[in-house]
Amino acid sequence: QQQVKQSPQSLIVQKGGISIINCAYENTAFDYFPWYQQFPGKGPALLIAIRPDVSEKKEGRFTISFNKSAKQFSLHIMDSQPGDSATYFCAAREGSSNTGKLIFGQGTTLQVKP
Amino acid sequence: NAGVMQNPRHLVRRRGQEARLRCSPMKGHSHVYWYRQLPEEGLKFMVYLQKENIIDESGMPKERFSAEFPKEGPSILRIQQVVRGDSAAYFCASSGRHSEQFFGPGTRLTVL
Numbered sequence: 001q002q003q004v005k006q007s008p009q010s011l012i013v014q015k016g017g018i019s020i021i022n023c024a025y026e027n028t029a030f031d032y033f034p035w036y037q038q039f040p041g042k043g044p045a046l047l048i049a050i051r052p053d054v055s056e057k058k059e060g061r062f063t064i065s066f067n068k069s070a071k072q073f074s075l076h077i078m079d080s081q082p083g084d085s086a087t088y089f090c091a092a093r094e095g096s097s098n099t100g101k102l103i104f105g106q107g108t109t110l111q112v113k114p
Numbered sequence: 001n002a003g004v005m006q007n008p009r010h011l012v013r014r015r016g017q018e019a020r021l022r023c024s025p026m027k028g029h030s031h032v033y034w035y036r037q038l039p040e041e042g043l044k045f046m047v048y049l050q051k052e053n054i055i056d057e058s059g060m061p062k063e064r065f066s067a068e069f070p071k072e073g074p075s076i077l078r079i080q081q082v083v084r085g086d087s088a089a090y091f092c093a094s095s096g097r098h099s100e101q102f103f104g105p106g107t108r109l110t111v112l
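Here the protein sequences line up with chains A and B, keeping their order. Start counting the first sequence at 1; every next residue gets the next number (the numbering used here). Start counting the second sequence at 1; every next residue gets the next number (the numbering used here).
Among the clues, some could well be false.
To be verified - Quick partial rundown of chain A residues pointing at chain B, CB under 8 angstroms, derived from the structure:
no., residue
1, 37
2, 39
3, 40
4, 42
5, 43
6, 89
7, 99
8, 107
9, 111
10, 112
11, 114
Derived by calculation from the structure, the hints in this document are not laboratory data. Quick reminder that beta carbons are idealized off the backbone N, C-alpha and C, glycines included.
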């Protein structure tokens, strides 16, 4: 069973702090790793994504760190804001298959306290 | 520039009824994915379709569930004889070929 394991399940951070969410995978055929942000009652929105040929990607306050040898990747949210409070999902896609289906982690509920 | 559209947003059915969920992909997208999200869980892949073809239905339950993406009109996820365990949020995503997937707002199905 292809799996992506995500931790922690929930996270509370003070405003201005750094939020860190971790994911691990087993399938070495995965070649694309997006992060999605979901607010209550809404659909997931693509936040940032990375491919395994780079070790880090930064977009504004959001950074993905990727460790290919450890088969782990993480999302860092710098200067966390109350508006960042949402559920975050990591995902992975197998590049060699005919399908572009995403395998999602279990999600992390982030609360940023003012 | 409309995004992915899903309707209805909320659907209530009694056990044994049929549920039909619709998804209109973003303009220019011909790839549609359906995912199911149970409460407090991540999204689980169900089916991947291109126009008039089912490409991957490995995540679809073998019975009662079907999907289509006709040449004209939206993609339809159909659940026959719904049971309480079908209560979930169903999300549709669309993409160009193997590019980023953009999700719709979802249909929240409640089975009484």
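Now the hints, each set against the structure:
1. 37: Violated. Min distance 11 angstroms.
2. 39: Violated, because the Cβ-Cβ distance from residue 39 (chain A) to chain B comes to roughly 10 angstroms (cut-off 8 angstroms).
3. 40: 11 angstroms, violated
4. 42: Nearest chain B Cβ about 6 angstroms off; hint holds.
5. 43: Hint holds; residue 43 (chain A) Cβ to chain B Cβ min 4 angstroms, cut 8 angstroms.
6. 89: Because about 6 angstroms separates residue 89 (chain A) from the closest Cβ in chain B, which is inside the 8 angstroms limit, the hint holds.
7. 99: 4 angstroms, holds
8. 107: Nearest chain B Cβ about 5 angstroms off; hint holds.
9. 111: Where the cut-off is 8 angstroms and the nearest Cβ of chain B is about 15 angstroms from residue 111 (chain A), the hint is violated.
10. 112: 20 angstroms, violated
11. 114: 25 angstroms, violated
Comparing the model with each numbered hint stated earlier shows that hints 1, 2, 3, 9, 10, 11 do not hold.
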